Amino acid sequence: MDLNIFGNILDILTALFLTAGCFLGISGGIGLYRLPDFFTRQHASGITDSACSFAILFALMLQSGFTMVTIKLFFILIFLIITSTTATHALAKTALFKGQKPLLGREDNH
Amino acid sequence: MSHLPILQVIIPLLAAPLCIVFNNRRIAWFVALCATWASFGVSLLIAQQVLQSGALSYDIGGWPAPWGIDYYVDSLNAFVLLIVTGISALALPYANRSVEQEIDPRSQPYFYSLLLVCLAGLLGISITGDAFNMYVFLELSSLSSYALIGMGPRRRALTAAYQYLVMGTIGATFILIGIGLLYSLTGSLNIQDISYQLHANNIIGSGNRTLLTAFAFITVGLSLKLALFPLHLWLPNAYTYAPSVITIFLASTATKVAIYMLLRFCYCVVGSESIFQLTLGQIVLLPSLAAIIVSSVVAIFQYDIKRMLAYSSIAQIGYITLGLSMSNHSGLSAAILHMFNHALMKGLLFMTMGAVSYSVGSVYLTDFRGLGRRMPFTMGAFIVGGLSLMGIPMTAGFVSKWMLVQAAIELGWWDVVILILIGSLLAVIYIWRVVETAYFNPLLELEEEEIGEAPLSLLIPMWLMVIANIYFGINSAIPVEFAQQAATLLLGGM
Amino acid sequence: MSTDPLYLFTPGLVIILAALPIAILRGWWQRTFIVIAPIMAFLQLWTYSGDASWTVAVSTFDLQLLHITCAGRLFASAFIIALWLGGLFALESASKIELASVFIYAGSAISVTLCGDLITLFLFWELMALASTMVIWAEGSEAARRAGFRYLLVHLMGGVILLTGIAGLAANGSTLDLGIIGSNSLARWLVLAGFLVNAGAPPVSYWIADAYPAASPTGMVFLATFTTKTAVYVLLSYFAGATVLIPIGLYMAIYGVIYALRETNVRRILAYSIVNQVGFMVAAVGIGTVTAINGASAHAFAHIMYKTVLLMGAGSVMLSTGKDQACNLGGLAQRMPWTTTCVVIGSAASMGVPLTSSFITKSLIIGAAAQQHLMWTWLILTACSAAVVFNAGVRFPWLTFFQSQTSAHIEGGHDPSWPGRAALMLGAGICIGVGVFAQQFYNLLPTSGDYHPYSLSHVVAQLQLLVPATLLFFVTLPLISNKPRVQLDLDWILRRPLLIAWNDIVLQLFALGLRWRNFFVSSMVRGFKFLFRHHGPRGILSRSWPTGSIALWVAIILASYVILYSL
Amino acid sequence: MESVVDIVLLSFLCITVVAIVYIRKLFCAIMLLGIFSLLSASLFVTMDAVDVAFTEAAVGTGISSILLLSALALTHTREQRPPHQPYIALLVVVVTGAVLIYGTMDLPRFGDPNSPIHRHVAVRYIADSPHEVGPPNIVTSVLASYRGYDTLGETVVIFTAGIALVGLLGFRRRQEFKVRLYQPMDKKTSYAENSTEDGDEFEDNIKLPGANHMVLRIVGKMFIPLILLFALYVQFHGDYGPGGGFQAGVIFASGIILYALIFDVETAMRVITPKGLRLLAVAGVFIYGGVGLVCMFLGGNFLDYNVLSAHPLHGQHLGIFLIELGVGINVFAIMVIMFYTFANRKRGSV
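Residue numbers (this note's numbering), protein chains in the order written: chain A, 1 to 110; chain B, 111 to 604; chain C, 605 to 1171; chain D, 1172 to 1521.
Keep in mind that the hints were calculated from the coordinates and are not lab data.
Note that the structure is predicted; figures quoted are calculated from it, not measured.
Any given hint might turn out to be false.
Using C-beta positions, here's what the derived DEER-type ranges look like [claimed, not checked]:
(1) Ile1160/C x Leu16/A: 51 to 61 Å
(2) Ile1160/C x Arg1290/D: 46 to 56 Å
(3) His1482/D x Leu566/B: 25 to 35 Å
Counterexamples of contact, computed for chain D against chain A with all Cβ distances above 12 Å [as the list claims (entries may be wrong)]:
(4) Ile1178
(5) Val1179
(6) Ala1190
(7) Ala1224
(8) Glu1250
(9) Ala1293
(10) His1384
(11) Ile1389
Quick reminder that beta carbons are idealized off the backbone N, C-alpha and C, glycines included.
Here chain A stands alone, though its shape is the one from the complex (with noise of 0.2 Å):
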């Protein structure tokens, strides 16, 4: 009884950051397509790849247990945490390098 609730509490906590995975995703998502100029749009594309995937991943944690494959999702996450991130921050130095410059930062647009 105590492993079914137990279980239960699991399944909620899976269903919420599934959730939350999937609303971060398409708000990204969106984000892409909206947003102005490369830097902004490289804010949402930062939040679809470690946040969203963050959230699905610790969802799929939660459903695997204390098994192999938890650990391997464990592993991927921490690759794609420290792997996107570079990405973003290598992207936005290489646009900075060739001469993009932020839209809020310029004067005209004041």
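For this one, chain A is given, so just place chains B, C and D on it according to the hints.
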């Protein structure tokens, strides 16, 4: 247990990486030379064993046939193996000087390595009894030949290779689709087993649409590979712009192997008695005749002689497929024999082209002026090759053309006989243009005088080829024996 | 059948093999071969027993390289003798390549007369065509090159027809061995047509006069001997008694006479005379009786001999003066006494003056026609026989050696050196010898007939024919122009586009002609342009296609294969 | 449920393909190709072909995108307008597709247990491979042992592709590639239009590109060993789960390529020299072929691993281990060789 069948393929296959170990073109050449000669020796041994004691079979990995891959050599295979290795054994000594001139020295080890891979691929296609394995080796040979053609000295070699790549890939994909459909019907990849399953499950007689489509894909794919008439368009450029050695090698082997595949699939999988045979014969007949006439006429108008010979190759392939379309014993043996003879004469003719381009630097018709006197041996060889191409008696070309005419008469196809003979007359015309220019058009005084005979290492293989052309024209017992055995075997089913 | 290694070297092969040292060696060594090889072949030929045969199995064919028949032996002997005489004559002036080609040519001609089946025959037949083309080309001039090419085309065409016929026979299951071809199939007619091309039958009679005079003075001696006479031999072996040959032969006989009459080039006169004489033989083969066959063989022998003499004569004139047009020649009798004598003997032999070879051989043919009561045949043959006076008989020696030519100054003109002179004399000797020892000669013939040429009536009849003809010749001499001119032969029609000749006639008759011509010429030009547009380097059939379009082809073919398979 | 996933994935696949066809920017096309590979890998997963999916993901999304991008550096970034209308191409596609559909009409139903595929050869693979060959992963058994010879062929195909590329394009000699990555195509155009005050700030970047990519470098240093380790895992885990030489080789190569991207190709070439790679590629093929030859010398057929050890199963295990190693080495070497040849072909950024 004789390991001969696997050695046939594995020698060039493993010698290929060996070529690029030392970044030295001489070592690479030497390795390639040894490998081709060794595999020629192996193919001779195989041929001898096949003639003596019937088909050889070899289970790779020790797994019996439908589960593993097996090699299966009968007289048809053995004959094709002989053609391929024989030509390469002559082409390699020729390659040394020719490649030295035409290809960047840094690329030469890679060139030889690719050549060996191509050889191994062609041998693998010919020897294997497994449909998918055939495809793997087809990829091997195609991939390497694209690169080899692209290495040609002129810049257009790259576009020619690209076009060949696109067409070849379509062909290979079609073949793969066909094999895949066959697999889904039978659950087997072994050619004999596919045939057995098709017959056992009564798929063949029932007009199964998947089977029909599978065969349509395979035949179209193979028609692309063997350059059957309307699908030949990649061939002229590929042969024209490839390095000389590659033209020699591909012209006399690659299309033959594709024809072999067609024979294998048509006769060994479906069986000669089945309905396909009739329609296949009719389908192939028209393109063959068109190839013979149209390509010969096109050849007459060419100024680049290598290109002219490429078109002539298409016409000659037309003769082979014509024999195939007759679907009777004499037609098939004529076709198989013509595979051999065409390899001999086209190999020879392209060797002379290589020598001319070595000494003169170009093979345009205008460059042949006065060559009869300046390169007597080369042009002499060209004439012998030309005579063989026309089908003059005492040359190899005559024997197969004679058999082909006889087969056509046997069927009462007099119109076809007339077309064959018109094709020969057209060959006379286009060969004659070159001979006339070489012997009767004097050299202009202004032109430089250094042009001399090609070096011995080009002339010796060339003249060996001349001797072969004449010898097999006078005494064609061995190839005829092979061809007839193979035809019997194909018609009798496997 | 024998395994004797001696058999390997059939006379023909001996001659062919001799070509190699002749091509390589020079000087005296070469000359030795030229002289010795025919003698060896001759001895070899006569060591065979009458029915010797030798077969080699080459792949699927059994080639009967040797099959001695009486007629074959006679022809082969004539060929070898002619080769030897011609070789002596050519010893000093002919080029190395010409001599080597001649030996291959002669060897294959001899092999044709000695082989026993059609396949072997065809092999040597083609070799003969190629080698003889080389003989013509050996002359080296542009005209020779062109003529040689035309010659080659005619013979390759003949070869193709012959091959088709042989293949047809083989497919029908008829035997390919030596003997009369019985079956009355298309294949038989093709074989006959193939043979007739070499005999110079209509409509391709022109090639003889077109090609032979283009060869060198020495080369023509050989050319005149082999090709047409092998054709006579094979007709005789495979088609004796085919009545269709009679009109063909008669046509050739008349054709030769008429064209020779209009001709002013002495070598071309002799060439047309060959057509005329071969016509006799072809007609004889067509008659097909024992006497007629004998006559054909005998006349072939005699013809080879006297024509060799005449051509050697013409050859020495041309070698020493460089001229062969009648208007540039004449009055050489004093300067070239030996040649003149021999040529006169040869001419006499060609006319059939009693005690010369032709007298005893031609009469066999005409006699055979009479025996069979073929009135028209007899009449035409007799008339043509008399008309020989107008070409080889009197006209040729007259124009060359005797007519007084004041307008043109001729330089040079001397007898050939001793080997040539010896050849001339030997040839002339044979011409007379055969005529004198008629019975002995008859014994060599295929079938022993009994015919006695030297009956009083025959001699008188022949003289009655010749004397008036000769008189007529001298009477009409001023009427026959010796100015060189272009002769409109059939070949001209075949060679130029048919339409130009067509136009010449039609234009004068109808105004419409011009439009027709324009239409034809332009449609020909258009036809060529069409070919070029589609097949030429930029044509749709030969240019490099965009890859995408090829893919379209692939799809079309794929779809059609599926549809066809499903039918 | 599965069919919904299938439908969604397939419709994405179609959209991607149409987008690839329509788009003229080659860079975008390459990115879309990566997406295409990923989608098809997902489809393979739903078909339970995990090995294929793995390979597709590693090769299609990973390496081939990089190679295409490096090739792109040599050409224009926009596709030229084709000279003729695309309707012919459409016709070709439609005809071929119609024929294919026609051909599938008489196929046994997908997954039908009575179809010949499931009754003939596969039966033995499933039933006997654990005690005939050994590895729990049947795919590996088929790939490496039953049809090991095909795999040798494929290995040589990869080898051929590599040397064909080198043969056609050629390695530049060491002195020839002084040019670094991340250098803009031409300074003039990219800086002239930018404001000057920022220009100075970036001046250093041009000369020492790595210096300001500190984050990239550090993360790279962190992850490259892990990637290599993972590659080894995939290599040796092939017996039990998805994996094997092909995938491992590609992953290993991607680690090196990452290194080259971050730390400059020249540095990477000092670490792993082209000559060494050439020898490695050769060695890979030789290991594979050599195992076959050794089998022959020990009395078996070519590639008959049973004879490698006293116990057939051990022999099979050893044989498969060795040939997978050969495949891995070969694939790794060839992938890096390809990258080097493209990257050093011409001045430009990758």
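Tested hints:
1. Ile1160/C x Leu16/A: 51 to 61 Å: holds, 59 Å
2. Ile1160/C x Arg1290/D: 46 to 56 Å: Roughly 38 Å apart at Cβ, these two residues miss the hinted range, so it is violated.
3. His1482/D x Leu566/B: 25 to 35 Å: violated, 58 Å
4. Ile1178: Given that every Cβ of chain A is farther than 12 Å from that of Ile1178/D, nearest at about 20 Å, it holds.
5. Val1179: holds, 15 Å
6. Ala1190: At about 15 Å from chain A, Ala1190/D clears the 12 Å cut-off, so the statement holds.
7. Ala1224: holds, 16 Å
8. Glu1250: holds, 22 Å
9. Ala1293: holds, 29 Å
10. His1384: violated, 7 Å
11. Ile1389: Not fine: 9 Å to the nearest Cβ puts Ile1389/D too close to chain A.
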